[in-house]
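Enquirer: Sequence lines, in order, name chains A and B.
Residues in the first sequence are numbered consecutively from 1, following our numbering.
Residues in the second sequence are numbered consecutively from 548, following our numbering.
Don't take each hint at face value.
What the hints assert, rightly or not - Straight-line distance between alpha carbons at most 27 Å, and here's what the computed BS3-like set of lysine-lysine pairs gives:
#, chain 1, residue 1, chain 2, residue 2
1, B, Lys812, A, Lys305
2, A, Lys270, A, Lys415
3, A, Lys144, A, Lys239
4, A, Lys448, B, Lys812
5, A, Lys270, A, Lys448
6, A, Lys98, A, Lys144
Just so you know, the hints here were simulated from the structure itself, not pulled from any lab data.
Each chain, written out:
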Amino acid sequence: MTGGAGKERQTLLAVRDLNVAFRLADGPVHAVRGVDFTLAAGETVAIVGESGSGKSQTVMALMGLLAANGTASGRALYRGEDLLALSPRRLNRIRGEKITMIFQEPMSSLDPLYRVGRQIAEPMVYHRGLSWRAARKRALELLKLVRIPDAERRIDAYPHELSGGQRQRVMIAMALANDPDILIADEPTTALDVTIQAEILKLLRELQDRLGMGIVFITHDLGIVRRFAERVYVMREGKVVEEGPVADIFAAPRHAYTRMLLAAEPAGRKPPVDEATPVILEGRDVSVAFPLGGGFLGRQRQELKAVDRLTLTLREGETLGVVGDSGSGKSTLARALLRLVPSEGEIAFLGRDIAGLNLRRERGLRRQLQIVFQDPYGSLSPRLTIGEIVTEGLLVHEPSLSRAERDRRAAAALKEVQLDPAMQTRYPHEFSGGQRQRIAIARAMILKPKLLVLDEPTSALDRSVQKEIVELLRRLQAEHRLTYLFISHDLAVVRALADRVLVMKDGRAVEEGETEEIFARPRQDYTKRLMAAAFLSAGAPAEAWAG
Amino acid sequence: MSLAEEPVTLKEPVSGRSLWQDALARLARNRAAMASLLILAVMALASILGPALWPHPYDRVYSEYVRVPASLEAYPHEDRIVPEMQRSLARARVDIGAVTVAGDTVRAEISDEEPIDPRMIRYVERSDLFSRVRLAETSADGRSAVLEAEVARLFFIAGTDGNGRDLFARILMAIRISLAIGLLATAVALVIGVTWGATAGYLGGRVDNVMMRIVDILYSLPFIFFVILLVVFFGRNLVLMFIAVGAVEWLDMARIVRGQTLSLKRREFVEAAEALGVSDAGIVRRHIIPNVTGPVAVYMTLLVPKVILLESFLSFLGLGVQEPLTSLGVLISEGAKNMQGASWLLIYPSIALALLLFALNFLGDGLRDALDPKDR
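Turn these sequences into a full structure, and let the hints guide you.
Expert: Set out below in C-alpha cells:
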C-alpha cells in the first residue's frame, strides 16, 4: 500500500448522511440513504457494490451531476465548504479543477469532434487562464505522464484513433490537468480488457504516489479493491453495510452481503469429455475478412482479417472456452460458425459441410445451432412480450403448432430457466439483467439445439447473478447433453465452465488445450500475460503487479 | 436488487405494460399534450358532425347578406327590414303603402291597378330576410292587399364571405377537408415510407443503394412544378391532392425509417432472430417495424400539420381544392384578398388553422417526450 498509511493525514472530504432521491412517476426512489464516508489526502478509498447499490449516485451527487429529477441532501465537506450547498458557479470552480472524475466508458466521455490535445487543454485555458500554447505544452506533459506512447503525435489524434486503454489514459490526463486533490474514478477499468485494466490501475497508483491526491474508486470488482484500495465501503441498496481497512474486510467480513460478494466467484470445474465422443462441430482454416473501404491513407482496397485460418473441433457435451482481448475475433468466429457472417474455410456440423449452405433453407440444421448474446438489454426486442420472444423460433421451425401449444412450450422453457411462466405476457424492460439473460437462454433452448454458442453471456452481469447463470448453464448442459462454445474475456468463468480453452489474439489461435493445463502452465507469452492480468483482478497477491 | 435472483412468484396473472402503454401513461400526464388532444378531438368532431347540424349549409348563398361582419346578434338588423321589404315589393311592381314591423312580423300594404296576382309573393320569399310570406286581407276587388311575412332571424357568428355564404359553416368544412388531407396524405406517406425505408435499410447493399437513389431522384423534382403538372393533366380534385402530397412526403419518412433500421439491424435481437432462422420478411415485420414506431409516430404527428400547411399553400396559389368545397388555405387566401373591408374573413380561418397546427405540434412534442427512453 502507498506510503504506509500515515496516521495524521489530513481529511480532504467528509460526507455525512448523504441521501439521494429521484422523483419518478411512481413516487420517489431513494438511491442513496444516509451514507457517511471520509477520504484523506493520498488515500485510496473504494466504494464497492453491485449494480443499483447507489455507489455511482453517491459521487454523482457530490459532483452536482445528478439527473434533473434527482435531489441530494446531507453534508459533504471539502476543505470546509459544503459541496451540496454551493452555488453552481462556485461548484463549477471546484469540480473539474480540484475534484475531478474519470468514467467507465472512455469513448463516450470524449468529444469525438475535437483532437485529444485540445480537449485536455480546454479546462486549463478556462479554469486557469493559460494561453492555448502553454496549455498545449502542459497537455503534452500530461500525456507523457500518463504514458501514452508517442505522445507528440497522439496529441493531435481524434478519440476514435486511440484504443480503449489510450482513451482512458487521455481521460486521466484531463482529470489531472489542474492538479486535483481528489480523483473520483467510476469503474474506470470495467470497459477495458484485463491486460489493459492492469496497466491503468498501475498508472493510477504511480500517479497517486507522485501527486498525492486522494482517490475514490468505485467498482463492483473486489479483486481490484483488494489490491488497489486502503479502505473500502461496501454498499447495498443505498446504504453502507460494512466499512473498514481492506485487509480486515477481506480477512474477516462481518456482514453477510460482503461475505456473499467475496464468495461470488464462480466455483467448480468441468471434467473433460471422452476422446471417443463424436465430434459435433469441426472448423478447418476458418477465415473471416471485412473490407475496410479505401483504408486510412491508401487507395487500394484493404481487408481486416478478423479471423485468420482458425481450426477447432467440438465434441458432444463439451465446452470449448474461447478467450482473448476485445478485437481478437472471438465473437466474429462465433458468428461465422453460426453462419451469420460469411467466411472461408470448411465448417462441418453433424458431419455436413455447412460453410456453403444457406441455413435459412436448412431449417433442420439451423435450429441445432443457437446463440446467447452478451448484452441482455440489447438481445431482446423491447416491443415483444416474453412469450413472443421465447416462441419466435417455433414460428419458424414448427409453424404448425397452435397458439395454445406454443404457450405451453414457452411456459416449459421458462420453467427450465427458473422463471415464472406467468411472466409470459410481460415485456423485457420489466426484468433485471439476470432474468433477461435467462429469457435469452430460454429462447435458444426451446428449439432443443445441440450446440449453443454463448457470447459473453455473463459479462454484463453482477458477480452474484453471474454465478447463478453459470449454475444454470451447467445444469442445462448436463440435462440435455449440450455442447457449448463459450466466449468470454472473464477467465474465472471460463475456468469454471470449460473443459478446453482456445486463446485467441488478432484473429489467430495462440494456444489451445485442456483448461487446467492452460491455466496451470500457459506456454505462450500472450497467454501468460492474460493469466497474470486476470488473476490480479481475481484477488491474487498484490505484489505480482504493484511493481 | 435481490441477492439471489429467485423467480418471483406472482399471485394474480400479470399482464405486462408494453413500452407503448408506458408512453401513453406519460403522455396522459403531459397537460399541454392532453389539452391539444382535446382541442383536436373537438375540432375533428365539429368538422365531421358540424356541417350536418349547423343551420347554414356551407355552400348556401345568402345574397342579401354578402360580407356581413361576424356578430352574435341575429340578422337582419331592424333598420334593414323596411327597406328590404320595399325593395322586394318594388321588384314585384306593386305600389307600396305603409310598411310596419311588429315583433317578428312585417306588414306591408300593397296595391296595384290590376288585381294582385298571389304569385307575386315569390319576390318577397326570394329574399333571405323573410319567411312564411302570405297575402292577408286581400280587398274585394283584389287590387289592394296586406302582405305579411315573418322576419327570418339568422345568425352569422363568423360573418359571411364575399358570396354571402356562412363563414362558420365554411370553416367547419375547411377543417374537415384539411384534416382529411393531412391524415390521408400522412397515411400514404406512412405506408410507402415505412415499407420502403425498412426494406432498403434491412436488406442493405445494392438494393439499399438503388432504392435510396430513387428517393434522391424524387427529391430533386421540384414539388410545385410536379403539382402544377398533375393539375394541368388531371384537373383539380381532392384525390389528386392526396396523391401529390403523399407522394412527396413519404420520401422523408423513408429516410428516417431507413436510418433507424440501419441502427436496429446491428442490435443483437435482430441477430438473434437471424440465428433462429427467421426470414427477412419476418424480421422486418416483427422486429424492425415495431421498433421504429416511436420515431415514426412522432414524425407522423408533425407531418400532419406540415401537410395541412402544404395544402393551404397550394390552395393559396389556387392549385388546391375546387369551389364550393373549401379548405383552410382557400379561406385564408380569400380572406387575405378582403383584408381591408372584411377582416373577419381572414381572422377566423387563421385562428382555426393556428389552433389546429398548435394542437398537432404540441401533441407531436408530447408524444416525442413520452417515447423518449431517457425520461425513464
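Enquirer: Which of the numbered hints above does this structure break?
Expert: Hint 3 alone not satisfied by this model.
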